[in-house]
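Following the numbering used here, the numbering of the sequence shown begins with 1 at its first residue and continues without gaps.
Certain hints may be false.
Mimicking BS3-like on lysine-lysine, the simulated pairs with C-alpha atoms at most 30 Å apart in a straight line are [said to hold, decoys possible]:
(1) Lys198 / Lys212
(2) Lys220 / Lys161
(3) Lys177 / Lys161
(4) Lys127 / Lys212
(5) Lys133 / Lys10
Everything labelled a hint here was simulated from the structure, so no lab data went into it.
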Amino acid sequence: MKNLTKDVVKEAAEHLIEAFGTTTTLDVKNRLRQLGFQAFQAEVSNFMDTLTSEEQWHFNHNGRYRVYRFGPDSNDTFHKYLEQGQHFWEILASNKEQIINEGLVGTTGQMTTNKFPTNRKSIAQSKKAHQAKLDQGYSEAVDQRLPFNLRQKYAQYLDQKPLKYTIGFFDVQASEKLTAEITLENNQKANGYIVQSKNAGYDFTWELPQSKEKLASILKNNAAVIRELQYDHKQLTGEKVAETKAYTQQEEQINEFQHFTPTNSSSFLDIEIQLEKVYKIDIWFEGGNQISLSKFDLDIHQELLPVARQILMQAG
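Kindly generate the complete structure, drawing on both the sequences and the hints.
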């Protein structure tokens, strides 16, 4: 006959309580014997006393035996991530639900969901599944992907290939050079350029995959002040000009002029940007799908930037 363990007694007791609402040490002992275990009343009683304390079960006496029932359902969470070679296995139990995610390391994998009548049962079954994986040779590892809740929320985008990113910044400190036709005080025209110092907003766009590394270098460091920016396209979304200076093509300053007309696209002489100043990230995918991540809806460091970085990794 098989020897008893606390886990075996717990499983037998939980089975009876779930089936009948209550159980006794006698009922648990009889079930264990039916299952082929060497069960004695005193030993079962000792295990039940320990489990009552650990699991916060309720009990009362019916004269000869204690009658056990579940206490309030658990609100605990059980979450484990394991790897074996190139394969990963992850389990999350909470809210009467068990989610198993498994596949090749570095991929989103496949998810399966199981419902249970109680959260207590969900966690108990998840712990058994976790132990079974450990017995198969899996071991604890650090998951490099997004947190579980974000992978669930953005699941439909995490296996798609992004084609383009547009990131909107505000409060950009910039010195911008514009080639221009300048109208002088005497109404004569002169070709030259304008240098403007400004606080502005810009939308910058990167085409993928060719500009993936340029964009990755910008997104990698939350605290960095960006002073060099390589992008594919830009659009001014607003500005407050602090100073405007005009110059001839020979780089001589024009002290007096009426106005100017830009004749070509502008370029930055100096720029200072911080990721803290991102207000949106728009991402386009193969097949025409698009997602917009907004600072006004999402925590920039806990969700907006991590999701944008994760999706960028899929660009190839």
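Each hint, compared with the structure:
no., hint, result
1, Lys198 / Lys212, "holds (28 Å)"
2, Lys220 / Lys161, "holds (19 Å)"
3, Lys177 / Lys161, "violated (36 Å)"
4, Lys127 / Lys212, "violated (41 Å)"
5, Lys133 / Lys10, "holds (21 Å)"
Violated hints for the displayed structure, listed by number in ascending order: 3 and 4.
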